[in-house]
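So you can see what is in the structure, the chains are spelled out below.
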Amino acid sequence: MTPLPVPTTGPSQEPRSFRHPGPPTGSADASSGTVRRAPVIQGTVIADRVYRLTLVFFALCIPALLLLIFVVVGSAGWPALHHFGFSFLTSSAWDPVNGLFGAAPAIVGTVLTSVIALVVATPLALGGAIFLSEFSPSWLRQPLSFLVDLLAAVPSVVYGVWGMFFFLPLLRTSVMPFLRDTLHLGATPFFSGPIYGPSVLAAGLILAIMVLPYIAAVSREVLVAVPRSQREAALALGATRWETIAGAVIPYARTGIIGGVILGLGRALGETMAVTMLIGNRHELSASLLAPGYTMASLIANEFTEATTDLHKATLMAVGFVLFVMTLVVNAIARLLVRRVSEVRV
Amino acid sequence: MSVALSSTGRQGGSTKRLMRRRIASVVMVSLTCVAAAIAVVPLIAILGYLLRKGAASLSLSFFTHMPAPVGEPGGGMANAIIGTLVLIGIAATVGLPVGIGAGLYLAEQRGSRLANLVRYLADVLNGLPSIVMGIFAWEFLVRPFGHFSALAGGAAIGAMMIPLVTRTTEEMVCTVPQSLREAALALGYPRWRTSLQIVLRTALGGIVTGVLVAVARVAGETAPLLFTAFGNQFWSLKLTQPIAALPLQIYVYANSAYDDWHAQAWAGATVLIGLVLVISVIARLVTRARFGGGHD
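Protein chains in written order, with this note's numbering: chain D, -10 to 335; chain W, 954 to 1249.
One should not assume that every hint holds.
What the simulated footprint calls covered on chain W by chain D, stretch by stretch (three residues with Cβ under 8 Å from a Cβ of chain D suffice, anywhere in the stretch; the number is not a length) [claimed, not checked]:
(1) 1011 to 1023
(2) 1028 to 1034
(3) 1112 to 1123
Per label pair, the in silico range of CB-to-CB distance [unchecked claim]:
(4) D:243 / W:1022: 38 to 46 Å
(5) W:1070 / D:75: 28 to 36 Å
(6) W:983 / D:240: 16 to 24 Å
(7) D:79 / W:1150: 58 to 66 Å
(8) W:1063 / D:59: 51 to 59 Å
(9) D:79 / W:1017: 32 to 40 Å
Hints are computed from structural coordinates only; laboratory data are not their basis. From the three backbone atoms N, C-alpha and C, an ideal C-beta is built for every residue, glycine too.
Work out the full structure, taking the sequences as your base and the hints as a guide.
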């Protein structure tokens, strides 16, 4: 056992309540022993109290920071929200010279890219997570989960650089023509029109690559938390490996998996740099996924430093506020779902 | 497991149906394998492409030289690398005390109402879009002073560190055995000294690792710096002035029209991803050494 330094004047023989309910009772108890020792106990109680209050202060910094962001960004965007009213969310006008702003294209673009990302990433992430938690040979499990974690840690701007110089040319020369011409999806409005490269589709696909590790990591954690007995019971009833997973494991983990997907949605909604570099940045509502667009985050990133009028700045702040509220709601829901599952485990 | 399956076959009667179920099972299982493989492809593509491109443009002068003017090959990002280090320093000053303090609180007061609320909000804060943090920091720390500054940028990414550090600190402190705490308290240690000198010190290795991971995460953040640190083409260490940062420089160079600058952007991206890679590997090794890797 490691020797612990014993405080020389410490009241080590004093019976002490393990957890101070509060100084009045604690110190009254202690000081009833010997009068000489009372000041030391008193000092300890005060020091403990100061320490605890310091920790409470730091802990309270987190709610305070969230509140501060809400108030500061909200009040900075208020002039624009007040000026345009509800049409701010529905108008697609963007005329800085005449002071006409509407966030509709950016909001639609944000939702659209995020939906593309989830549709592409969720099956892959879920499949990967199932593989990792159920089938993967143990020598492969560690390196694979490490790779997935690493993918989550790659900075957004690096994805952007890779997207601009590698992914975009690939999309432009092969994937997009394939979708539009070979599969004849060009007949639908969603894949019609000229191929530029930078587009809603490109942004959605890079987002898919970026949120995949998040969804996979959360799903894997939730799947691992499913009790073994659940699997064993299904197998004992004669279920095949897949039936065990589909019938006994996934239903048990469903809430957590949905939480993980929503968490990915939160990431996708707020992702900035890679999207800004791949979406083409154009204020236009277009049905075609091959056309350039805007997301709220890329709109702010692109125009904020160039916004000269107060209304323009306030508008971008308002866009930021809408984005903040959206991600707040999404994250709040996701965390509730994921938390509930992990509490079951404990 | 195979025992369970074969016993089904014996009593199952309809072998055709069993065959179908088995085939469905095999198909689905292999589909998950395919999904896992596809999920890993982008990372390998990114790493491979970066290493190829980055190795071509990365050299010693990248770390020691200032950016070269357009049209002049060579040059480096010395100012941006130093700038990023300065920003990380500011961020750590802002984020570490709050993060570690809050994490300690969460671990020590586990289950209290405030702790549950703070933990929940820390997770929500973790999902805050970085661009929102950027405009917040601009409104709060740039606009009142009338100019971009390294301090505002560092504070913005420092705030992003807080939830990450809080949660790792909590997790690591919770792994400290309760008996250690009890031993210290039984010896008459005050609670605050127990917390700081016994519990925190025991968990220090894990916390340092968590801090490193948080640093790697925010070192690559670009969006919060766009309107705060702003970037700087010149050598500057003044905290009240705009300062260069590696991710910002990469963004600007990648968006430029010059091949030389594109090469520089690649080199910068390689350095960033190298940083993330090294820190992740260290974190992995440290946690495995501490906790034996296997469980959980």
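Task: Numbered hints the structure breaks, given as an ascending list - done: 1, 2, 4, 8, 9
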